[in-house]
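So the sequences go chain by chain: A and B. Residue numbering for the first sequence follows the working numbering, starting at 1 and increasing by one per position. Residue numbering for the second sequence follows the working numbering, starting at 1 and increasing by one per position.
Don't take every hint at face value.
Claimed, not checked - Examples of chain B residues toward chain A, derived with CB under 8 Å: (1) Phe54; (2) Val104; (3) Arg105; (4) Arg148.
Simulated from the structure, these hints should not be mistaken for laboratory data. Beta carbons: idealized from backbone N, C-alpha and C, even for Gly.
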Amino acid sequence: MTANALRRQSFAGLPAGSGGALPALTLVGLFFIVPVVALLLRSVTDPEPGLQNYAALFGSGTYVRVFFNTFLVAAVVTAVTILVAFPVAWMLAIMPPALGSIVFGIIILSMWTNLLTRTYAWMVLLQRTGVINRALMGLGVIHEPLPLINNLTGVTIGMVYIMLPFMILPLVGSLRAIDPMTLRAAALCGASPLQAFRRILLPLSLPGIAAGGLMVFVMSLGYFVTPALLGGTSNMMLAEMIAQTVQSLLNWGLGSAAAFVLLAVTMALYAIQLRLVGAKRLGGGL
Amino acid sequence: MTLPFLSIRAVRKAFGAFVAVHDVTIDVPKGEFLTFLGPSGSGKSTTLYAIAGFQDPTSGDVLLEDKSLLLVPSHRRNIGMVFQRYTLFPHLSVAENVAFPLRVRRRPDAEVKRKVADMLALVRLEKFADRYPGALSGGQQQRVALARALAYDPPILLMDEPLSALDKKLRQEIQTEIRRIHRETGVTILYVTHDQEEALHLSDRIALFKEGRIEQIGTGEDLYLRPASEFVAGFIGNSNFLPAEHLETENGTAKVRLADGSIIKGVKATHALGRGQKARLMVRPEAFRLTPVPGNASLAVEIVDTAFFGDRRRVVARTGSGDEIDVRPTSDTAEPGGADAASGRQIFFDPATAFLFPA
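Chain A extracted, bound-state conformation (with noise of 0.2 Å):
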């Protein structure tokens, strides 16, 4: 080893210069880590020692409701998000940069706009007497209003608006890798542009989407706000379930559990994903 390289070598056996983070870390360690071990502890200890908060929770018809909903909801959302961020990605990805750079600043500038604003327009927007229906109504489209809000429609419309960024960004990524002469090629082989986008395009921009759509499917299955407003009763999600269980029946150990059940989805699917593209990458050659 040669003297450099034994003075970069600190005494935790970290590598020199990892002091910076330790801020950092000590919050992560402090304010996630440790709750997320006294939840875990909470969900089989209160108010006794045992499994029975888990076995409420899975025996139960109404909290097993409300798991399907919240991963039905997720489903949906990530689905549309994907169909709508595609086409904006692919214009951002063939525009000339400068171009390209404005409007996507235009995108990420709603993500800096507070989420319960705009959940709250939202309301107005879809409400039964909101701007949407009395403008249809107005124009004739519609003769009675349609049911945009508290049912899965205004949960995917509210949410997917959220998502968009989040699922823009890595397919932008993804798409900007492909050389656009890659397309010309296809097409001057016979393909049809539907045949050149199938076979080429989606098959090349799949790893965006893979990043993007977990993304957006794990944001949304612990979303809170959105679906409070603007979803019904009808279809509740588990983080709203989490927060009544908790604040109104003040179960404190059926909570935590729910909670902890979201979280080692969420950990399961992200290392599903993880396992999925590390293989696409080695057999692929992408």
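Knowing the structure of chain A, use the given hints to seat chain B on it.
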């Protein structure tokens, strides 16, 4: 008269006020290897893109077997193309890349399999069928691209500087491959390059582009031995241009006076020049011979530098008027310089191999 196979008629491409291609007209017979040669920005690639359908010409027409291609979208033109950059599909194996044009044409599996095998044999990459493009060298990738472009038997193959990203040795190797493949398949090839050696090596005919126009079109020999302009003479091969004054033209040969005062008689008169008009005399470096004895069409020079290049020597000579001349005698001639280098020497050339262009 038979109709030309591919006919490029008065194709013009303007980008705003800038005209990239000025009314280019070329007829290409079936099976020809035609190269568009020229410096970058001379309009050669733009002309090729008009044939491929990537850029619609502002005016003019492109006819294949007397039918216009312009209204046909790229994917229905049935043209093969190899690009400058590597454009293989990274998520498909070599075999699937070659199969791609057949798959989008919904050809039966058995035919696809047979054709892919034939094509990979043609470019000698049978052993690489299951590799992915990322695991191939640049030269191998371009050979796969060639196989992919030929898999559907296109009537025309377009090649847009396909070898420019490769090193010199590999370039020559693949040039030889391309010649063989052209011979074996008989496909009509339009090839774009800025490398004159590549153009000379590959082509039946060369169209030399300059500023959006074709300066001269002909065989490599035509362009080298009978250049139509100073630009052609300067672009193809190495040339010396000596300032000269045209004295008179008689019976198709001209008499000129060079800047050092020497009179050269018997230069081919290809351009009409007036008495006393300023001109430039072009002599190829290999046309000069070194000699210790003065004679006709000989110049007294001083040897400035000499270097050995295997088959040839390169000698830099300076005339009495200070013009430097590049001389390339074969290396079996005696090395110039030595004892009498300082005392000066003579170089001479056959005036019939020289060209006179208006200055």
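Consistency of the hints with the structure:
1. A least Cβ separation of about 6 Å between B:Phe54 and chain A falls short of the 8 Å threshold, and the interface hint therefore holds.
2. Look at B:Val104: its Cβ gets to within about 5 Å of chain A, closer than 8 Å, so that hint holds up.
3. Against a cut-off of 8 Å between C-beta atoms, the interface hint on B:Arg105 holds, since the closest Cβ of chain A lies about 6 Å away.
4. Using the Cβ-Cβ criterion of 8 Å, the hint placing B:Arg148 at the interface with chain A is satisfied: the shortest such distance is roughly 7 Å.
When the structure is compared with the earlier hints, no violation turns up for any of them.
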